[in-house]
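Here is what each chain is made of, one letter per residue.
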Amino acid sequence: MMDLASHDWRGMNLRFMKREIYQTLDQAISPIMAVVKLLGTWLSPYSCKVIWALKLKGIPYEYIEEDLSNKSPMLLQYNPVHKKIPVLVHDGKPICESTVILRYIEETWPQNPLLPIDPYERAVALFWIKYADDKNPLIPKLYRTTGEELEQAAKECSEILGTIEEHGLIEGKKFFGGDEINMVDIAFCIVAHWLGVFEEVAGIKVFEPHKFPKLNSWAQNFKSVPVIKENLPDADKIFAVLKRRRETLLAPKSN
Amino acid sequence: MEGGVVLLDFWPSMFGMRVRIALAEKEIKYEYIEQDLRNKSDLLLQMNPVHKKIPVLVHNGKPICESLVQVQYIDEVWKNQAPLLPADPYKRATARFWADFVDKKMYDSGSRVWKTKGEEQEAAKKEFIGNLKLLEGELGDNLYFGGDGFGYVDVALVPFYCWFYAYEQCGNFSIEAECPKLIAWAKRCMQKESVAKSLADPEKVYGFLLQLKKAYGIE
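So the sequence lines, in the order shown, correspond to chains A and B. Each position in the first sequence, counted from 1, maps to that position plus 208 in the numbering used here. Each position in the second sequence, counted from 1, maps to that position plus 1 in the numbering used here.
For reference, chain B alone in the conformation it holds in the complex (with noise of 0.2 angstroms):
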């Protein structure tokens, strides 16, 4: 497999799904070879020995791990065209920092709104909400995280605005009720091509998300 760009990919993944985007924004050519989680290629064994997990972005035949990564060396080699983090050092700090708290929240907290129920349930919401209020407020009065531009924290961010109607339906409420500045954000950036694109459907989420319930024996 050399030359050229291979993603490796798993279609709801918000993870991949950044990486798509990444690569829509820089409009690079790559071949999306679809993954099957339960039953996983030697390609992508071989590609991530590691974690055993997609996204893989491989570029001339090397592979990259972990989306975020993958995204700065998108934004590096690629930085001619549509440069996703800001030259400032500083701008890239708080960038960087609030890249790496969507990383550490919203994955779990999201996650734990659909796996529980009751008491349990209520916490995972409140403390799910919590977050995207912390997001919202960082966002401010800006057009998106990267302030004028789409950006970064835009691009690590918007993917889980397509498991928003999942979550609600699971867990019986409105994120837009909480959070309207941050869907508002979310439906501005659908608004670019390279996320409309990139994005699964949340009709198709909410329905994978049900199979994955039942597989966990979750009610």
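If we strip away everything but chain A, and leave its shape as in the complex, we get (with noise of 0.2 angstroms):
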């Protein structure tokens, strides 16, 4: 893009110019006129990640709702590697797999910034968003097992708490971030608010919170940052689709 300010002017015609520096503001304009679209399922975490960056910086969006029993052409067509939402579209262009998304949007949309800037601080924070994404699969194992197999999940759930109370939370920041929440904070958005329900449904406690001070403080602190707390989908309407899914995994299988 070029420097309207250093640029040489001189000897050049209006109309060039005209189109030098049309095209100059375009480029500038078009990461936020470029439409926004965003794939997504209501109750997913992965989904509301994406939403709640989008809203933190302030870039208009349309939402679709996708059905995952009945796979859209389009997510098809977006995501044909893993097939899996949330997609971001952004002009035409899908980018996929939430945290891709996250530090894409971080690049493109640089206000309100999500993650450090100092190199050290970010590689850090990295570690801990990797430190999520390899564990939030193991924490819906709750309430899609029953018998010993629940209670290795819960193990294992107590375990990944532990470890983020231990050495992840530092104690007087309110945040991840610090005073305001970060790509951190979002990226453990399932400990905060799905594990709960989780916890309902198969009918377990893991997350205790005389067990877990900082993280049971943290994740209070993180629901009810606005941005958070009004974009964050219904427990109970949550818990009732859990309810049947586990309902359905766990019924015997029929001869």
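FYI, nobody ran anything at the bench for these hints, they're computed from the structure. Note that the coordinates shown come from a computational prediction; the quantities given were computed from them, not determined experimentally. Beta carbons are placed, not taken as given, at the ideal position from N, Cα and C, and that holds for glycine. One thing to keep in mind: the hints can contain errors.
Claimed, not checked - Derived coverage of chain B by chain A (criterion: at least 3 residues anywhere in the stretch with Cβ under 8 angstroms from a Cβ of chain A; other residues may be distant):
1. 82–94
2. 121–135
What the hints assert, rightly or not - Footprint (simulated), chain B over chain A, 3 or more residues, beta carbon under 8 angstroms:
3. 302–308
4. 343–352
Starting from the two chains in their separate frames, assemble the complex, guided by the hints.
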């Protein structure tokens, strides 16, 4: 993109100057004006992560609810490798995997930064985001299992919470991002909201406030942030869906 | 341990190799400290208390963990030489997507090839080759995943190449027969000094894998 201030305008004719100016402005405006679409599902934490990032940066977008039992041709075209939501489409180009999407949003719209600027602090943030990404798929096992498998899932979940409590959260810091939430807080959203629903569905308690006091404090603070609070799927509605799923999964197989 | 760059690593680790390649690409001098993973050092446990794993990159006394985080850190701090990630945000997103794919799929499907037998192994081989074919498709006619230049996805994937011989021996199959373009890409990468010096010898890797199998009680 040309730097209008330092460009040498001498000797340029007026028509050429106008064209150069319009092209430059167009390049500056186009990330904002180009259409942003999000393919997601209302109860997915991965989908919510993208919504929060877009809203925190004030980016308008078109939301498209996907039916995962009947995936749209658009979803299959935009994410042929994983066939999953969320998919962000910017100016017709798809970006897949929620963390990849969030980093793209961060780099394309730098206002209200969601990652530290210092390379070392950013590396620490990315470490915790990877930790969350690796461990998040284990937490829903709580509502999908029973008996010994459930006990094992609960043990794994407890270890995850313990690690975040001991190593991830710094005493006195309100959020992973300091005074404001950042991409690390967003990455741990399942712990803050969905975990409680999984526990209810399974009839088991893992996230005990007295065992994980810092994490409990953090979760309450996280859910009180206006953008999060106003864009969090209703726990009762998630409960209803997951309870049905659990019943289907654990139903005795007919001979 | 103030100042300088230290790498805690284990010679056959594909993840450690990624960091060795990135450091070599940027011509960074560093101290390499081989770790004994059966008897983890106090240093390792102190530097990576969460996972207790290698590689750990230590810069100015501060640890960075997770190989792709380390590669991105190296790329950011030593940005004036051999850039690994492209400048354009969309191309960066594409590179991160495929590096993430390598992380999610390659290690697990490769491990299943040597850990299983019979029908399970056949399924594992099929999945492993399927993943490689997807990567081949992404490579297309480019010299590297980074386009004309060696880049982030190349760094993420090429270390697995020195494990291919071991997988082939265990699974009794030829990766080159199934994915010739990918092998051509790997050999092209091996022409680079940074890659050739960082990857372990495939025969030694196979020897190490045989020891691992014994330890796991796998025939």
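Hint check, failures only: Numbers 2 and 4 - these are the hints that the structure violates, sorted from lowest upward.
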